[in-house]
Amino acid sequence: MITLNDFAGAWRLSRHIEDALAGGTARLEGYCRFTPQDDGLLCTESGTLILPGREGGFTAERRYFWRSDPDGIAVFFDDGRFFHRFDPNAASPAADHDCAPDAYAVRYDFSGWPLWSAQWRVKGPRKDYVSVSQFSRRRRSPEADDRPCRD
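Okay, so the sequence shown: first residue is 280 according to the working numbering, each after it adds one.
If you're looking for bench data, these hints aren't it; they were derived computationally from the structure. None of the values given here were measured: they were computed from a predicted structure. From the three backbone atoms N, C-alpha and C, an ideal C-beta is built for every residue, glycine too. Treat the hints with care, since some could be wrong.
The following label-pair restraints were derived from C-beta to C-beta distances [unchecked claim]:
hint : residue 1 : residue 2 : range
1    : G303      : G391      : 16 to 22 angstroms
2    : G391      : E308      : 16 to 22 angstroms
3    : R346      : G303      : 34 to 40 angstroms
4    : I329      : A379      : 27 to 33 angstroms
5    : G391      : R306      : 19 to 25 angstroms
6    : R386      : R333      : 27 to 33 angstroms
7    : N284      : H363      : 18 to 24 angstroms
8    : N284      : K406      : 19 to 25 angstroms
Please take these sequences and the hints and turn them into a complete structure.
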């Protein structure tokens, strides 16, 4: 059984974003760290985002707050607004988030735990993409918890 606390620590993050409108694939390579805070985990994703047709990449970072809840795990944006809820132990963990005029649908896969993934399908008047993120445990060293989540 996977619980919120099982996510604590550092994870390697690899994301591919297939953008149907832009006609290309963006990539993000970096880390995701779940840090205990208050009554949950602060999730910080950071890495280098490489956009199609552009030289080099740039640093991207995003934060969420994950909290245990009777139905599994509730995810909030870093400003406290509710994002979505999922059950990591469901046969096919999934959730939806409507942000008019856009619709977001996520499908998680924990079947290879501690390897896991999140696939987002985003559709709206100016958005049409699929983002697939792969997470794997970061190799641990004695000072791993003190280092920032960057190479």
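How the hints compare with the structure:
no.	hint	in the structure
1	G303 / G391: 16 to 22 angstroms	28 angstroms, violated
2	G391 / E308: 16 to 22 angstroms	20 angstroms, holds
3	R346 / G303: 34 to 40 angstroms	35 angstroms, holds
4	I329 / A379: 27 to 33 angstroms	30 angstroms, holds
5	G391 / R306: 19 to 25 angstroms	21 angstroms, holds
6	R386 / R333: 27 to 33 angstroms	29 angstroms, holds
7	N284 / H363: 18 to 24 angstroms	20 angstroms, holds
8	N284 / K406: 19 to 25 angstroms	34 angstroms, violated
Going through the hint list in order, the structure does not satisfy hints 1 and 8.
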